[in-house]
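Visitor: Chains as they are written, first to last, in full-length UniProt numbering: chain A, 1 to 578; chain B, 1 to 578.
Please note that the accuracy of each hint is not assured.
[Unchecked claim] Label pairs and their computed distance ranges (CB to CB):
{"#": "1", "chain 1": "B", "residue 1": "Y29", "chain 2": "A", "residue 2": "S187", "range": "33 to 43 angstroms"}
{"#": "2", "chain 1": "A", "residue 1": "V203", "chain 2": "B", "residue 2": "I12", "range": "54 to 64 angstroms"}
{"#": "3", "chain 1": "B", "residue 1": "Y3", "chain 2": "A", "residue 2": "I467", "range": "24 to 34 angstroms"}
{"#": "4", "chain 1": "A", "residue 1": "F125", "chain 2": "B", "residue 2": "R470", "range": "54 to 64 angstroms"}
{"#": "5", "chain 1": "A", "residue 1": "L56", "chain 2": "B", "residue 2": "A193", "range": "41 to 51 angstroms"}
{"#": "6", "chain 1": "A", "residue 1": "V8", "chain 2": "B", "residue 2": "A193", "range": "13 to 23 angstroms"}
{"#": "7", "chain 1": "B", "residue 1": "G202", "chain 2": "A", "residue 2": "L56", "range": "31 to 41 angstroms"}
{"#": "8", "chain 1": "A", "residue 1": "V8", "chain 2": "B", "residue 2": "F347", "range": "19 to 29 angstroms"}
Worth flagging that the hints you see were computed from the coordinates, not collected in a lab.
The structure displayed is predicted, hence computed values, not measured ones.
Beta carbons are placed, not taken as given, at the ideal position from N, Cα and C, and that holds for glycine.
Protein chains: 2
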Amino acid sequence: LDYQHVQVPFEITLWIMLASLAKIGFHLYNKLPSVVPESCLLIFVGLIMGGIIYGLNDKSPPVMDSDIFFLYLLPPIVLDAGYFMPSRPFFENIGTILLYAVVGTIWNVFGIGFSLYGICQVKAFRLQDVSLLHNLLFGSLIAAVDPVAVLAVFEEIHVNEKLHILVFGESLLNDAVTVVLYKLFRSFCEMPAIKSVDVFAGVGKFFVVGLGGVLVGLTFGMTAAFTTRFTKDIRVIEPLFVFLYSYLSYLTAEMFHLSGIVAIIACAMGMKRYVEANISLKSHTTVKYFMKMWSSVSDTLIFIFLGVSTIGENHEWNWPYICFTVIFCLIWRALGVLVLTFFVNRFHVNTITSKDQFIIAYGGLRGAICFSLVFLLPDFRRKKLFIAATTVVILFTVFVQGMTIRPLVDLLAVKRKRESAPTVGEQIHIRFLDHLLAGIEDISGHWGQYYWKDKLEYFNSKYLQKILLREYDQPKSSIVLLYEKLERKHAIELAEAGQLGHAPSHPSLLNNDRIVVTDKKLEDTLNPDILENIQEILARNLYRIRRTGPAYNRHTLPGETEPVEHAKEILILRRKSL
Amino acid sequence: LDYQHVQVPFEITLWIMLASLAKIGFHLYNKLPSVVPESCLLIFVGLIMGGIIYGLNDKSPPVMDSDIFFLYLLPPIVLDAGYFMPSRPFFENIGTILLYAVVGTIWNVFGIGFSLYGICQVKAFRLQDVSLLHNLLFGSLIAAVDPVAVLAVFEEIHVNEKLHILVFGESLLNDAVTVVLYKLFRSFCEMPAIKSVDVFAGVGKFFVVGLGGVLVGLTFGMTAAFTTRFTKDIRVIEPLFVFLYSYLSYLTAEMFHLSGIVAIIACAMGMKRYVEANISLKSHTTVKYFMKMWSSVSDTLIFIFLGVSTIGENHEWNWPYICFTVIFCLIWRALGVLVLTFFVNRFHVNTITSKDQFIIAYGGLRGAICFSLVFLLPDFRRKKLFIAATTVVILFTVFVQGMTIRPLVDLLAVKRKRESAPTVGEQIHIRFLDHLLAGIEDISGHWGQYYWKDKLEYFNSKYLQKILLREYDQPKSSIVLLYEKLERKHAIELAEAGQLGHAPSHPSLLNNDRIVVTDKKLEDTLNPDILENIQEILARNLYRIRRTGPAYNRHTLPGETEPVEHAKEILILRRKSL
Chain A
1 LDYQHVQVPF
11 EITLWIMLAS
21 LAKIGFHLYN
31 KLPSVVPESC
41 LLIFVGLIMG
51 GIIYGLNDKS
61 PPVMDSDIFF
71 LYLLPPIVLD
81 AGYFMPSRPF
91 FENIGTILLY
101 AVVGTIWNVF
111 GIGFSLYGIC
121 QVKAFRLQDV
131 SLLHNLLFGS
141 LIAAVDPVAV
151 LAVFEEIHVN
161 EKLHILVFGE
171 SLLNDAVTVV
181 LYKLFRSFCE
191 MPAIKSVDVF
201 AGVGKFFVVG
211 LGGVLVGLTF
221 GMTAAFTTRF
231 TKDIRVIEPL
241 FVFLYSYLSY
251 LTAEMFHLSG
261 IVAIIACAMG
271 MKRYVEANIS
281 LKSHTTVKYF
291 MKMWSSVSDT
301 LIFIFLGVST
311 IGENHEWNWP
321 YICFTVIFCL
331 IWRALGVLVL
341 TFFVNRFHVN
351 TITSKDQFII
361 AYGGLRGAIC
371 FSLVFLLPDF
381 RRKKLFIAAT
391 TVVILFTVFV
401 QGMTIRPLVD
411 LLAVKRKRES
421 APTVGEQIHI
431 RFLDHLLAGI
441 EDISGHWGQY
451 YWKDKLEYFN
461 SKYLQKILLR
471 EYDQPKSSIV
481 LLYEKLERKH
491 AIELAEAGQL
501 GHAPSHPSLL
511 NNDRIVVTDK
521 KLEDTLNPDI
531 LENIQEILAR
541 NLYRIRRTGP
551 AYNRHTLPGE
561 TEPVEHAKEI
571 LILRRKSL
Chain B
1 LDYQHVQVPF
11 EITLWIMLAS
21 LAKIGFHLYN
31 KLPSVVPESC
41 LLIFVGLIMG
51 GIIYGLNDKS
61 PPVMDSDIFF
71 LYLLPPIVLD
81 AGYFMPSRPF
91 FENIGTILLY
101 AVVGTIWNVF
111 GIGFSLYGIC
121 QVKAFRLQDV
131 SLLHNLLFGS
141 LIAAVDPVAV
151 LAVFEEIHVN
161 EKLHILVFGE
171 SLLNDAVTVV
181 LYKLFRSFCE
191 MPAIKSVDVF
201 AGVGKFFVVG
211 LGGVLVGLTF
221 GMTAAFTTRF
231 TKDIRVIEPL
241 FVFLYSYLSY
251 LTAEMFHLSG
261 IVAIIACAMG
271 MKRYVEANIS
281 LKSHTTVKYF
291 MKMWSSVSDT
301 LIFIFLGVST
311 IGENHEWNWP
321 YICFTVIFCL
331 IWRALGVLVL
341 TFFVNRFHVN
351 TITSKDQFII
361 AYGGLRGAIC
371 FSLVFLLPDF
381 RRKKLFIAAT
391 TVVILFTVFV
401 QGMTIRPLVD
411 LLAVKRKRES
421 APTVGEQIHI
431 RFLDHLLAGI
441 EDISGHWGQY
451 YWKDKLEYFN
461 SKYLQKILLR
471 EYDQPKSSIV
481 LLYEKLERKH
491 AIELAEAGQL
501 GHAPSHPSLL
511 NNDRIVVTDK
521 KLEDTLNPDI
531 LENIQEILAR
541 NLYRIRRTGP
551 AYNRHTLPGE
561 TEPVEHAKEI
571 LILRRKSL
């Protein structure tokens, strides 16, 4: 037996296997995941595993390595989030998101930091040795909402698109703020004296970190798109480039102390449309599938490790400090959301309702990022207290808030995500209004989002597409692309329905259409063959165009709902109409 | 700049990126890969890179780490080979393959070992200190044909299926022999005295290593199939299990000093049919695509690293020894093939022609496995000589034999792979004959391959399928499955042809068929709707069933050839027939 030799890959494979099997286990009992969020179940599995390891070895189980988390587990999740990010609502609300992410996070950091410092002054709690700087450092790591935890909970409760993108976008973009503040306070802790120059440098650094991340991401994204121009003869390695370039963008950003999360999101959002147009259909399925799979596994591993790392002797249980941390996290977030939303609502017609505000405040879950950051702290006397407080905050938010948010959403009757995707009619009108508004903005001299969007679209079709796309003939309207996609899907469905149900599939449908056609006078004026073609194409697609856009969900790929049933439904509809 | 932090993943990503870009580069100039095999080009790139590193650092570039090779680079290639292995020709020729792999390899090891020992006795060459045991050890690592090198060359020359499977199967299965002999001689080298018991133990070990590998592989394969029964609600992680279980089988086999290559092939071949039936279509596309992608990248990295590692000062250039190694490798392989084939041909009706024998002997390429094994040798005085000899043999076989084998195949007019896959008629007849032969064997009391195949099929449908398949209703004939697959593919093609060419697609085809139908008398006897359906389904599939089975190729997925052109071809054919 030579275990040493294969230990590293063997143990990694076993952990991934455990995570996957745990996932299967939950889904075997359909009722469980509908009551308890998967993240809670996974942490619970982790707690049990940690308990077993602790019981057997009689020493603390290994904690999740921060390097492993930031270098290997986090990127797939963020890539998935960025790649499947609905770009329209994101850019429509980018101002609000940035306000929450930047001002809101800074507000929380200082709010939590200063009020905890106040608590430390109470002599009865015996915390006088925790300095203001240490409290602010702790505030900077505990204030940030965690994208992994938010995704895990929000994808199950199906709130309306705007609410979802506000919480989710904030959790992603606050990374830049967290990185800057955390590193700033950590370096302040090690400095003998802090000059006001350092403070201003910190503010400047903030823009560098955020915008630098965007720049790095877009550079790699465009390079990725350009590379896929040349993969026509070697289709199998196409998916690789999507993963390689986005990972490189993350690593490069981290290397230069920029925000890796912002970089990978910019890379994914930037390259998506060009890569999709260049690579083959199968490559694209593989990219999407693998991204989902990878992020799903990473996410599972993170929650299991969170549970495992909780067990052990790394904690100092000073309950006053811990309880006040939880309370301050809740209060300052609620206050921040209230104040910021007040200003946001003054400048918007489509305001954020008070119900929505409550969910935004309540959905501020903390997760593995705080946990990894607290372990990265330099060693000092009270590190174990911070670890304990962070653990409790994470468990509180994930378990208490995560499990009660769904009933609360039901109770408050928060506006849900619309079930059906926009119809083609709606889509055409939205596009028309976009052009109209861009024109109005141009004439009135107000350079708003529509103006910039129009300019960007012009730049894209004039230069970018010519450089980055392989088959650049003429810019295909997205409606034509959608139509092509639907035709393909529909053809598959009909083929499958024909086999599986032995129902009269395609031919009989055609017959029915033909009967309708013969009733009309048009046949005399047009070439009957052409007419039949048009009629047929329209009839074939009338049903499908009602449901176009896929909903975001970590665990399923878009359009995975049973195609057979849809096809059957068409048949029933058609029967009735005759 | 914090390079230390991200160094490991960054460099790995960059190497993979380099490999992928090199691959794209070759395929941009279509003429290059048709003359020079890709493996040669990649080694060449590696040589240049090694030269640059050597020139810049003035020290030898890092050699390929044997652990990295065996743990991370080799498994994807073998998994791909096992998963896409054409099982029928493999099992039909299993006897011949095993004979070549076991007896042939042993023959080569001892042949090369003893004759090199003879060379060492010549005083002029100054090699008297190389003992017989060291020569045999060297023989054991240089004798084995390399699956990676064989695949890279043979997939481009398209020889007939039997010839391909003989060389390829041998290269895979000789791993068990190589492992045993290499470890045996290495332990002999460290022993003070060798007893005859040790020799017999070695022979016994050989069966343990081979059969143990098969057992480990099948166990993991069946577990994988069983696991995929329960993934219906969580489709995205299905592909993961295929990779996890096969990798675990490889690692477990390596851990117990069994043959990992044999294990992973048994695992892949065992699980394939059950996994395919359980997982969704998209998951399966992802599995196939990712397997191809991964093996393609691994293979590229291996050849580049081979090139890089060649440069440097690890070599002792004793030219007589090196030249005689190359000559003996050629001679003993040729002799071995001749003698073994003589015996094989006596027991077979379908004999191996002398042209085929020449290609089998000539196709015995050496590759990265030899290279990794020679670096794993314990340090002794002449290790650098062995490294030099191995490098030269690999470069000679890959460059000289690899580049000349295609012209030779053309010159000798070796029977090629049939272009078209078997028709449905042929497939039905093959199946019918299988049953017939199984019956004949049963009556005559001769327990041949058909008898065992029939028993295995019975066991499979009676027990295995019930345990391992999720939707086990009734065993679907593979022809029905094929038909379903074709219907689906054809539907997609028609949809795409209709959009892209704006040619009269589906509806007009139907019209034509209907004209044909009305001419016939059958219409009076049958319900015209049913008749139309049948006619339509048949007409739709008549073209496609001519080309069913996909050809094996590392770089493309089955059925990736332009579907649009096929659909257009249908239209043209149909026009002509009217």
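Visitor: Take the C-beta atom of V203 of chain A and the C-beta atom of I12 of chain B, compute their distance, and say whether it sits inside 54 to 64 angstroms.
Guide: 36 angstroms, violated
Visitor: Take the C-beta atom of Y29 of chain B and the C-beta atom of S187 of chain A, compute their distance, and say whether it sits inside 33 to 43 angstroms.
Guide: At roughly 52 angstroms between Cβ atoms, S187 of chain A and Y29 of chain B fall outside 33 to 43 angstroms, so the hint is violated.
Visitor: Cβ-Cβ distance between V8 of chain A and A193 of chain B: within 13 to 23 angstroms?
Guide: 37 angstroms, violated
Visitor: State, for the Cβ atoms of V8 of chain A and F347 of chain B, whether the hinted interval 19 to 29 angstroms holds or is violated.
Guide: The hint (19 to 29 angstroms, Cβ to Cβ) is violated, given that V8 of chain A and F347 of chain B are roughly 47 angstroms apart.
Visitor: Given the range 41 to 51 angstroms, decide if the beta-carbon distance of L56 of chain A to A193 of chain B lies inside it.
Guide: 45 angstroms, holds
Visitor: Verify the CB-CB distance for G202 of chain B and L56 of chain A against the hinted window 31 to 41 angstroms.
Guide: 39 angstroms, holds
Visitor: Note whether the CB distance of F125 of chain A and R470 of chain B lies within 54 to 64 angstroms or breaks it.
Guide: Given range 54 to 64 angstroms: holds, Cβ gap about 58 angstroms.
Visitor: Assuming the hint says 24 to 34 angstroms, is it satisfied by the Cβ distance from Y3 of chain B to I467 of chain A or not?
Guide: 31 angstroms, holds
Violated hints for the displayed structure, listed by number in ascending order: 1, 2, 6 and 8.
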